[in-house]
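Last residue of the sequence shown? That's 128 in the UniProt record's numbering, and every number before it is there in order.
Treat the hints with caution; some may be incorrect.
Listed below are the simulated BS3-like cross-link pairs for lysine-lysine, each with C-alpha atoms no more than 27 Å apart in a straight line [claimed, not checked]:
hint	residue 1	residue 2
1	Lys108	Lys91
2	Lys101	Lys91
3	Lys82	Lys94
4	Lys89	Lys76
5	Lys95	Lys105
6	Lys87	Lys77
7	Lys85	Lys108
8	Lys15	Lys27
9	Lys87	Lys108
10	Lys77	Lys91
11	Lys108	Lys94
12	Lys108	Lys95
13	Lys101	Lys89
14	Lys94	Lys105
15	Lys82	Lys95
16	Lys76	Lys87
17	Lys89	Lys77
18	Lys105	Lys91
Distance windows between CB atoms, simulated [claimed, not checked]:
hint	residue 1	residue 2	range
19	Ser74	Leu114	58 to 68 Å
20	Lys91	Val19	43 to 53 Å
21	Trp41	Leu86	34 to 44 Å
22	Gln43	Arg63	44 to 54 Å
Calculated from the structure, these hints are not laboratory results.
Here a beta-carbon is modelled for each residue, glycine too, at the ideal position from N, C-alpha and C.
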Amino acid sequence: MAGSSNSIQQYVLCKHKLVAVLRTIKKGNNIGQRFYGCPLWPQNGCNFFLLENDTGRNLSSRRTECEHTVDDVSEKKVAEEKILKLKMKNKLLKKQVTELKNEAKLLKLAMFGLVLCFVFAMTCMVRK
């Protein structure tokens, strides 16, 4: 067990994000109980306290938090990629709309020209 406690100790961090120190309670009802505490205690400690037997649950919850964070980051990256693709598609569609509007204007102008030609031709035929 001592070997596994040392490997767990590497992962237990205090509120300063420093590796917590494994200590033993020397007074009170829990004499002999081992706990993790801030390495800067008592001078500049952050009052971090975690009983040794709670480390498994604590590490498990930290791992779960990290997994959720990784999932969130992955989902965010996928969403950002989708947004970028949609923005590019939107830009392309706007360009196509502009081209179609210009084409429609040209067709209207051509149609107007045809109508004028038709009216002119009809006028010429009527005069004969």
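Check the structure against each numbered hint from earlier and tell me which ones fail, lowest number first. 7, 9, 21 and 22
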